[in-house]
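The letter at position 26 of the sequence shown is residue 159 when you use our numbering, and the numbering goes up by one with no holes.
Treat each hint with caution, since some may be false.
To be verified - If you anchor each label on the Cβ, the simulated ranges turn out as follows:
(1) CYS205 <-> ASP176: 23 to 29 Å
(2) THR143 <-> ASN191: 32 to 38 Å
(3) ARG136 <-> ASN166: 55 to 61 Å
(4) SER177 <-> THR143: 41 to 47 Å
These are computed hints drawn from the structure, not numbers from a lab. Here a beta-carbon is modelled for each residue, glycine too, at the ideal position from N, C-alpha and C.
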Amino acid sequence: MERFSRSVSTVVLLILILLATVEGGPICKATSNVYKGLCLIDDSCDIVCKREGFHRGNCKGFLRKCVCTNPC
Numbered sequence: 134m135e136r137f138s139r140s141v142s143t144v145v146l147l148i149l150i151l152l153a154t155v156e157g158g159p160i161c162k163a164t165s166n167v168y169k170g171l172c173l174i175d176d177s178c179d180i181v182c183k184r185e186g187f188h189r190g191n192c193k194g195f196l197r198k199c200v201c202t203n204p205c
């Protein structure tokens, strides 16, 4: 029984390490060239950024610009 719990703990630890390395990489950011005006709705920005070939998009900053992101 102890051997089984040790194996399960090892597998869980390896999965957590893998997830941390995949999601923890550097993120490249660029202001959308297509989105015009104030960015008030994150979902709209996200759709525009995906059409531009980016992974995600969010409204950022005081002037509410649509910022697109991709893993570098």
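Exercise. Lying within 32 to 38 Å: is that true of the beta-carbon distance THR143 to ASN191?
Worked result: With a Cβ separation near 37 Å, THR143 and ASN191 satisfy 32 to 38 Å, so the hint holds.
Problem set entry | Outcome for the supplied range 41 to 47 Å, where the beta carbon pair is SER177 and THR143 | Given range 41 to 47 Å: holds, Cβ gap about 44 Å.
For this session: Could you see if the CB distance from ARG136 to ASN166 stays within 55 to 61 Å?
Result: Given about 57 Å between the Cβ atoms, the range holds.
For this session: Could you check the hint for me, namely that CYS205 and ASP176 are 23 to 29 Å apart, CB to CB?
Result: 24 Å, holds
Checked against the numbered hints listed earlier, the structure breaks none of them; every hint is satisfied.
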